[in-house]
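Enquirer: Sequence:
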Amino acid sequence: MQQEMAQREEAELRQSHQKPRSPEGWGLLLVLWYLAFYKPIITEGHLRRKNIEFIFIRFSAWQYAGCDKLWAGLVTTLCDSIRHHFGALPLSVYHVMGTRPRFASGFSQKEWVLKTGTCLKLWGMLFVLGAGLSILLVALLVPGIKDHHALKVVGSAVTSLSGSGLALGAFSILKNLLISEKQKIERLTNSEKFTSQLGFMSKVRNEVEVLVDFLAFMEIFERRRLRVVLEITSLDICYPEKVAGVLNAMNTLLSEANTPFIFILAVDPSVIVPCLEQTGCMKGLADNGYLYLNRTVTLPFSIPEMGARSRLRFLEAAIQTREDLMYRIITSNVERRRAKCQGISVVPSQQEADAKAVRCIHEAFHCLHNSTDPLARYLPTSGAHVRRIVNTIPITLRLLLHRAGTPSTALPRAAAAWVVLADQWPCRLSWALQCLEDAWQSRPAPDFGAQSLWSIFQENVGELSSLRQPLHNVLSLDGDPELFQTFLASDFPFTARDARAFLGVTVNLDHSIRHKMGLLRGLDRLQKATATPVSRSVQCPH
Numbered sequence: 001m002q003q004e005m006a007q008r009e010e011a012e013l014r015q016s017h018q019k020p021r022s023p024e025g026w027g028l029l030l031v032l033w034y035l036a037f038y039k040p041i042i043t044e045g046h047l048r049r050k051n052i053e054f055i056f057i058r059f060s061a062w063q064y065a066g067c068d069k070l071w072a073g074l075v076t077t078l079c080d081s082i083r084h085h086f087g088a089l090p091l092s093v094y095h096v097m098g099t100r101p102r103f104a105s106g107f108s109q110k111e112w113v114l115k116t117g118t119c120l121k122l123w124g125m126l127f128v129l130g131a132g133l134s135i136l137l138v139a140l141l142v143p144g145i146k147d148h149h150a151l152k153v154v155g156s157a158v159t160s161l162s163g164s165g166l167a168l169g170a171f172s173i174l175k176n177l178l179i180s181e182k183q184k185i186e187r188l189t190n191s192e193k194f195t196s197q198l199g200f201m202s203k204v205r206n207e208v209e210v211l212v213d214f215l216a217f218m219e220i221f222e223r224r225r226l227r228v229v230l231e232i233t234s235l236d237i238c239y240p241e242k243v244a245g246v247l248n249a250m251n252t253l254l255s256e257a258n259t260p261f262i263f264i265l266a267v268d269p270s271v272i273v274p275c276l277e278q279t280g281c282m283k284g285l286a287d288n289g290y291l292y293l294n295r296t297v298t299l300p301f302s303i304p305e306m307g308a309r310s311r312l313r314f315l316e317a318a319i320q321t322r323e324d325l326m327y328r329i330i331t332s333n334v335e336r337r338r339a340k341c342q343g344i345s346v347v348p349s350q351q352e353a354d355a356k357a358v359r360c361i362h363e364a365f366h367c368l369h370n371s372t373d374p375l376a377r378y379l380p381t382s383g384a385h386v387r388r389i390v391n392t393i394p395i396t397l398r399l400l401l402h403r404a405g406t407p408s409t410a411l412p413r414a415a416a417a418w419v420v421l422a423d424q425w426p427c428r429l430s431w432a433l434q435c436l437e438d439a440w441q442s443r444p445a446p447d448f449g450a451q452s453l454w455s456i457f458q459e460n461v462g463e464l465s466s467l468r469q470p471l472h473n474v475l476s477l478d479g480d481p482e483l484f485q486t487f488l489a490s491d492f493p494f495t496a497r498d499a500r501a502f503l504g505v506t507v508n509l510d511h512s513i514r515h516k517m518g519l520l521r522g523l524d525r526l527q528k529a530t531a532t533p534v535s536r537s538v539q540c541p542h
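Going by UniProt numbering, 531 is the number at position 531 of the sequence shown; the sequence numbering is gapless.
Wrong hints could be hidden among the right ones.
Taking lysine-lysine and the DSBU-like style, the derived pairs with C-alpha atoms no more than 35 Å apart in a straight line are [what the hints assert, rightly or not]: (1) LYS39 <-> LYS203; (2) LYS19 <-> LYS39; (3) LYS175 <-> LYS19; (4) LYS115 <-> LYS39; (5) LYS121 <-> LYS19; (6) LYS175 <-> LYS203; (7) LYS121 <-> LYS110; (8) LYS19 <-> LYS115; (9) LYS203 <-> LYS115; (10) LYS184 <-> LYS39; (11) LYS50 <-> LYS39; (12) LYS50 <-> LYS203; (13) LYS39 <-> LYS175; (14) LYS121 <-> LYS50; (15) LYS184 <-> LYS115; (16) LYS110 <-> LYS19; (17) LYS356 <-> LYS182; (18) LYS356 <-> LYS50; (19) LYS110 <-> LYS50; (20) LYS121 <-> LYS175; (21) LYS115 <-> LYS175; (22) LYS39 <-> LYS121; (23) LYS203 <-> LYS110; (24) LYS182 <-> LYS115; (25) LYS19 <-> LYS356; (26) LYS184 <-> LYS203; (27) LYS184 <-> LYS121; (28) LYS110 <-> LYS175; (29) LYS356 <-> LYS528; (30) LYS50 <-> LYS19; (31) LYS50 <-> LYS182; (32) LYS182 <-> LYS121; (33) LYS516 <-> LYS528; (34) LYS203 <-> LYS182.
To be clear, the hints were calculated from the coordinates, so they are not data collected in a lab.
On a predicted model such as this, the values are computed, not experimentally measured, just so you know.
Please put together the full structure from these sequences, using the hints given.
Expert: Here it is as structure tokens:
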């Protein structure tokens, strides 16, 4: 994401020749000036900006597991991080004098409009304050007028009234500067109203809306798009009701049409799904936690099992955390700096690989858009599932291109078909892959890889039918069974060798489903083995 941010920044600078601004140094005075006297306007030029800045926020659910409402910790972390990123003073001034951005009327490219009302009020108050001070000074200093108490009273009253308005504004800014949004929410959670939720959610939502409007204001000031990326970890070691609360808070923050938030949810589905099914948030979803996750997550990324090289890299990373081996990191940094000074670069090969990946991605999307291609008829009708497929295909193709020994079927069309297969029939595909893995372990024949995946599924479909009760929730994720047969039997006859090649790059398939199937299959076979009596023939010694 940081590389994407840097590339977009360079491309936007070459196109518009406008450098982005930052609320630091002289930029802080400029943003305060705009906050006080100008209204931001969302123009067509701003909507066409491609440069973006990601604000990364890490939220460890375990650190807030002791509080009554875990989602309140998520909101306070969000507010505190944004305040720390932009500074307390701009956010405090926005609370008092800021204006919510509005869309431009017509094709005007003017991004800032003067606050006429605010300027008139300020000049009026300054004029009245100056007049009051003048009257008061005349009444106090000019001989012959000192004895007129009425003039002193009028001067004092005018000065006090005009000065109180300015003092009240300064006091509001100072109050917001000293009391952060995090402290406000924590004060609400400690109050008696929190237990009954009387007006609590509306106040929290107001604080979040102010943050969203402030981010929209800063987008126009900085001349780039802003996205807040919240990385949520350690959620799978919390209590079930707290897990549901955090996911509900995520859905609340993402409910707006143009929300600036991106959530990266790093969890183990095999732990999260039972937690969700134990709470009351599954009402209306047939108590199926998998359906809830599918409707919440728009880009699934299930990390495949580690290969040999990945395990070695993981071991090397673990070794580098040792203080007595830190010199290796320093040595690698010195070598990297030396290569940079000597002009050694790998950018051309990286650009060539990216260009190849882009061509493959375009070809895969063309297969989805082509109405004459059989793949188009398998696209889901749900918008969320279509977004999942579109988001997953580029990642799958890039992983395929980076793997050594890619099979001949790893074409863009085949990769797109495999992604659709994993999205539409996760249970049946997981069952076929588990049966393939078991068969490969028991009889790794050389010609076994040519067997079709559909024939493997047909050979073991009876066993899947016997396990339909414990796999009920997973089976409900699948689409039309007849379409599954047509997909694998005629349109896309993947072989066992193809399945093993694609399995290493399948990121949109929950691998915990396959592991659960393997466990159930092993237990079922063990029960059948113990239930079947073993006959023994005893030979007579005579």
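Enquirer: It remains to establish, for every hint, whether it holds in the given structure.
Expert: Right, here's what the structure says about each hint:
1. LYS39 <-> LYS203: Answer holds: LYS39 to LYS203 is near 25 Å, not above 35 Å.
2. LYS19 <-> LYS39: Distance ~21 Å between LYS19 and LYS39 Cα, so the pair holds.
3. LYS175 <-> LYS19: holds (34 Å)
4. LYS115 <-> LYS39: Roughly 6 Å between the alpha carbons, so the hint for LYS115 and LYS39 holds.
5. LYS121 <-> LYS19: It holds: about 34 Å lies between the C-alpha atoms, which stays within 35 Å.
6. LYS175 <-> LYS203: Since the Cα atoms of LYS175 and LYS203 sit roughly 17 Å apart, the hinted pair holds (cutoff 35 Å).
7. LYS121 <-> LYS110: With a Cα-Cα distance of about 24 Å, the restraint between LYS121 and LYS110 holds, given a limit of 35 Å.
8. LYS19 <-> LYS115: holds (25 Å)
9. LYS203 <-> LYS115: holds (28 Å)
10. LYS184 <-> LYS39: holds (27 Å)
11. LYS50 <-> LYS39: Holds: LYS50 and LYS39 sit about 23 Å apart, inside 35 Å.
12. LYS50 <-> LYS203: holds (34 Å)
13. LYS39 <-> LYS175: Satisfied, since the Cα-Cα distance of roughly 23 Å is no more than 35 Å.
14. LYS121 <-> LYS50: Roughly 38 Å separates the two Cα atoms, so the pair is violated.
15. LYS184 <-> LYS115: holds (29 Å)
16. LYS110 <-> LYS19: holds (17 Å)
17. LYS356 <-> LYS182: Given that 35 Å is the threshold and the Cα spacing comes to 47 Å, the pair is violated.
18. LYS356 <-> LYS50: holds (23 Å)
19. LYS110 <-> LYS50: Satisfied, since the Cα-Cα distance of roughly 19 Å is no more than 35 Å.
20. LYS121 <-> LYS175: holds (22 Å)
21. LYS115 <-> LYS175: holds (24 Å)
22. LYS39 <-> LYS121: holds (16 Å)
23. LYS203 <-> LYS110: holds (34 Å)
24. LYS182 <-> LYS115: Given that 35 Å is the threshold and the Cα spacing comes to 30 Å, the pair holds.
25. LYS19 <-> LYS356: At roughly 31 Å apart (the allowed maximum being 35 Å), LYS356 and LYS19 satisfy the hint.
26. LYS184 <-> LYS203: holds (9 Å)
27. LYS184 <-> LYS121: holds (30 Å)
28. LYS110 <-> LYS175: Given that 35 Å is the threshold and the Cα spacing comes to 33 Å, the pair holds.
29. LYS356 <-> LYS528: Roughly 52 Å between the alpha carbons, so the hint for LYS356 and LYS528 is violated.
30. LYS50 <-> LYS19: holds (13 Å)
31. LYS50 <-> LYS182: Given pair LYS50, LYS182 holds - Cα atoms ~32 Å apart, limit 35 Å.
32. LYS182 <-> LYS121: holds (32 Å)
33. LYS516 <-> LYS528: Cα-Cα ~18 Å, so holds.
34. LYS203 <-> LYS182: At roughly 12 Å apart (the allowed maximum being 35 Å), LYS182 and LYS203 satisfy the hint.
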